[in-house]
Amino acid sequence: MYCQHSRRNWLRMAGSAVAGAYLARPALHAAAPASRVTVAKCPTYDPAVLVPTLDRMFDQLGGLPRIVRGKTVAIKINLTGATTYRLGYLPAEETHYTHPHVIAATVHLLGKAGARRIRILESPWSTADPIEEVLLQSNWEPRDILSAAPNVEFENTNYLGKGKQYVRMMVPQGGLMFPGFELNHSYHDCDVFVSLAKMKEHATAGVTLSMKNCFGLTPCTIYGSGAGVEDPSDVPKGGRDLVHSGHRQPSKIAPPELHPQSPRDGGYRVPRTVVDLISTRPIHLAVVEGIHTMAGGEGPWIGGGIQPVQPGVLVAGTNPVNVDAVSMAVMGFDPMADRGTPPFETCDSTLRLAESVGVGTCDLKRIEVTGTPIREALFSFADLRRARHARGAGTRVRG
Amino acid sequence: MNLQWTPMRWPAAWKNPETLRLLQDTPINCLLVESGTDLGPLAGQAQRSGLAIASKPPMGVSLSKGEWPGIQMAARGSGVSAGPTGVPWLNSNGWRVRLENALHPDTEVWIDAPPKGPRLFPDSFAMAFLDAAAYGGRWLISLDDATASAIAAQEPRALEGWNKLIAAARFFDAHKPWADYSPEAVVGVVSDFTGDHEFLSGETLNLLARDNQQYRVIVKGSISDASWKGLRAILYLDPEPPLPPLRREIEALVAGGKLLIAGPQWGRVAGPLAADQENPRYDIRVVGKGKVALAKAEPDDPYTLANDSVLLVSHRYELLRFFNGGAVSAYLAAAPNRKSALLHMLFYSNRGPQDASVHIAARYRSAKLWTADRAEPRSLEVLPGRDGVELHLPAMSQYAAAELEI
Numbered sequence: 001m002y003c004q005h006s007r008r009n010w011l012r013m014a015g016s017a018v019a020g021a022y023l024a025r026p027a028l029h030a031a032a033p034a035s036r037v038t039v040a041k042c043p044t045y046d047p048a049v050l051v052p053t054l055d056r057m058f059d060q061l062g063g064l065p066r067i068v069r070g071k072t073v074a075i076k077i078n079l080t081g082a083t084t085y086r087l088g089y090l091p092a093e094e095t096h097y098t099h100p101h102v103i104a105a106t107v108h109l110l111g112k113a114g115a116r117r118i119r120i121l122e123s124p125w126s127t128a129d130p131i132e133e134v135l136l137q138s139n140w141e142p143r144d145i146l147s148a149a150p151n152v153e154f155e156n157t158n159y160l161g162k163g164k165q166y167v168r169m170m171v172p173q174g175g176l177m178f179p180g181f182e183l184n185h186s187y188h189d190c191d192v193f194v195s196l197a198k199m200k201e202h203a204t205a206g207v208t209l210s211m212k213n214c215f216g217l218t219p220c221t222i223y224g225s226g227a228g229v230e231d232p233s234d235v236p237k238g239g240r241d242l243v244h245s246g247h248r249q250p251s252k253i254a255p256p257e258l259h260p261q262s263p264r265d266g267g268y269r270v271p272r273t274v275v276d277l278i279s280t281r282p283i284h285l286a287v288v289e290g291i292h293t294m295a296g297g298e299g300p301w302i303g304g305g306i307q308p309v310q311p312g313v314l315v316a317g318t319n320p321v322n323v324d325a326v327s328m329a330v331m332g333f334d335p336m337a338d339r340g341t342p343p344f345e346t347c348d349s350t351l352r353l354a355e356s357v358g359v360g361t362c363d364l365k366r367i368e369v370t371g372t373p374i375r376e377a378l379f380s381f382a383d384l385r386r387a388r389h390a391r392g393a394g395t396r397v398r399g
Numbered sequence: 001m002n003l004q005w006t007p008m009r010w011p012a013a014w015k016n017p018e019t020l021r022l023l024q025d026t027p028i029n030c031l032l033v034e035s036g037t038d039l040g041p042l043a044g045q046a047q048r049s050g051l052a053i054a055s056k057p058p059m060g061v062s063l064s065k066g067e068w069p070g071i072q073m074a075a076r077g078s079g080v081s082a083g084p085t086g087v088p089w090l091n092s093n094g095w096r097v098r099l100e101n102a103l104h105p106d107t108e109v110w111i112d113a114p115p116k117g118p119r120l121f122p123d124s125f126a127m128a129f130l131d132a133a134a135y136g137g138r139w140l141i142s143l144d145d146a147t148a149s150a151i152a153a154q155e156p157r158a159l160e161g162w163n164k165l166i167a168a169a170r171f172f173d174a175h176k177p178w179a180d181y182s183p184e185a186v187v188g189v190v191s192d193f194t195g196d197h198e199f200l201s202g203e204t205l206n207l208l209a210r211d212n213q214q215y216r217v218i219v220k221g222s223i224s225d226a227s228w229k230g231l232r233a234i235l236y237l238d239p240e241p242p243l244p245p246l247r248r249e250i251e252a253l254v255a256g257g258k259l260l261i262a263g264p265q266w267g268r269v270a271g272p273l274a275a276d277q278e279n280p281r282y283d284i285r286v287v288g289k290g291k292v293a294l295a296k297a298e299p300d301d302p303y304t305l306a307n308d309s310v311l312l313v314s315h316r317y318e319l320l321r322f323f324n325g326g327a328v329s330a331y332l333a334a335a336p337n338r339k340s341a342l343l344h345m346l347f348y349s350n351r352g353p354q355d356a357s358v359h360i361a362a363r364y365r366s367a368k369l370w371t372a373d374r375a376e377p378r379s380l381e382v383l384p385g386r387d388g389v390e391l392h393l394p395a396m397s398q399y400a401a402a403e404l405e406i
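Note that the protein sequences, when read in sequence, are chains A and B.
This note's numbering applies: residue 1 is where the first sequence begins, and numbers increase by one.
This note's numbering applies: residue 1 is where the second sequence begins, and numbers increase by one.
The shape of chain A in the complex, shown without the other chains (with noise of 0.2 Å):
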């Protein structure tokens, strides 16, 4: 049952008329970017049958070089939650991480393309430890990521890490929840960002694909839990339950959101940071891994029926907005599809809004896709929502 409180009503009701507002906004909207969108079959990990499926969607792009020649590349990658939790027995990878293959495929073919420097980024739950810590932690060796490509590393971003400072990126459109964000410097220091992403529902947002994996940009130092008032803690403690619910500010270092008047609801305030977000540090190449995944959620802890699935798929593309509609269509459910429909009955879309404020469009007809048809490549996450509604197992929902 969804939405049986009044105050989730209003809630609802003041988030759909906010958004409403924003997508009223007829000259972004229409101006919102199309550009290609490669979508593969791809069933297994086995790097024999993976290297070459991605290499061949990043040909169906453009190719790499043009990107990534020369440059500094930052990839986000999705390890959420603590390295302890799994769906049942299965290893994280196998659910809610992003595989290490992935990673080390992409890298190995970024190096290929002749990237200068990869660095691997993520924000850990609730530590500082280097993130080649955190990996062995989960069973995984970092040298086959590491080795994947030359001058390759990684860095902890959930902190100030090994920056001497904290860097302020601004929105450039104004910001919907944020103006701008105290960021760990490597989200600066990149010449191009590569969001790589696991094809998932969120309790929260619905989905998370490309353009929620970079929610965690945020330093927990700066936007956790533990978060220090005045200035950054020195080490994350907790999630961002502060920028979920807005019970309070981030320190005071980082600007302050732009409405404290807003809903303090998860549904209303996670979609619009995470496009605050994408618009302060913007993706230069999405890939959603939907290889080996779960249904019902980000994570293990979500419970309510959460199943482990493999819809052996994987959809790269320019333009997140426009990578993560056709994930979404290949989940199975439309990508227009805004606050009250499914998978945002409790949210808005991350999508509408990042299309609201000119970023990509989620019009599947002005996104051309190439590689194997949306229809071939279904599965439908939506179907399987439906039925564990049906048997009132829900999706948690947060905030």
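You may find that some hints are simply not true.
What the hints assert, rightly or not - Derived DEER-like restraints, expressed as beta-carbon distance ranges: (1) A:D46 with B:P105: 44 to 54 Å; (2) A:D46 with B:R363: 21 to 31 Å; (3) B:Q277 with A:R386: 46 to 56 Å; (4) A:D59 with B:D300: 52 to 62 Å; (5) A:K162 with B:G257: 25 to 35 Å; (6) A:P308 with B:R351: 14 to 24 Å.
Claimed, not checked - Below 35 Å or equal to it, Euclidean Cα-Cα: the simulated DSBU-like pairs (lysine-lysine) are: (7) B:K296 with A:K164; (8) A:K162 with B:K296; (9) A:K237 with A:K162; (10) B:K116 with B:K65.
Rather than coming from a laboratory, the hints here were simulated on the basis of the structure.
Predicted model, so just to flag it, every value in this text is computed and none were measured.
C-beta: ideal position from N, C-alpha, C; glycine also.
Starting from the structure of chain A, add chain B where the hints point.
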């Protein structure tokens, strides 16, 4: 070691001699009473039942003050306290048992940890016993007045908790040789563990356990070749540098490939800075095939020290890695013949973990799973994993031991 005793502090609420029936056919064989307590007819009846009655532990027993084990409940409300990493804070006496065993190898270790906390659950008493027994010690069974009265009154929930406690005691009574197993470890913690060093060294052991780092207690003056066996690293804790023979021994181990972590008191270390490793609080130098990580300032915070040591050693070398284990603490120990090992696992949350698994960085061939509620073990599939094996654990609660064959 021949564990002789299963002790219990006689509850003041048990005044009726009939309550002695509760101890019939249980491993409990020693009743501790307050000095000067007149047990009346209870005393004679207890002695006729073969129970020893004493006001202090018998010879050969070391009584150590402990904490009521379990997830630390918040002072207010129903929440749980969190450690600095946000994970629930666990109190366990495992490190005390191991430290006492190392300091006094020929004595039995009793842990004196009376029930404490805003809420006591009937199952908590079994947990208190298991928490000491898994490490080779014995909890001095202590009941709060309300629980003791409820048990004496045969209240079903209280009796259920009592029966679980007795089952745990029976289980370890049937497996006394397990206490002779020796710890498999990644890091050896060197100290005299006394005097001014007692707090830092003890608390570091406690926090290493919380970090799931398998350690060995190495007491200065009781060091043998076996002390260093299988270690990746040596954590030298005392503010005074070691005497020359120990220093030379440790330096040789470093030259052979081990990592030494020590405070600035260790003195100057010759060798280039390690290019592949950085830590804001340590200078790390390459010495021979090994490394020395020297703290820039005297470590005084055991939490930071324990966490730093785990990172300096690297998770690459950790022996155990749990998934979905919840509030778990574990202890891997090898049989005296080293052909088998035991992985003791303690699950402190009220509900046991679901779909828990553990990666063990060793190549064991077979495994069986013991739980305190069964006399016989279950077979457990050993799955190959990266650099080791993985066990998928069935649903269970509180305690299990995986017996692993090489």
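* **Violated hints, by number in ascending order, as checked against the structure** => none
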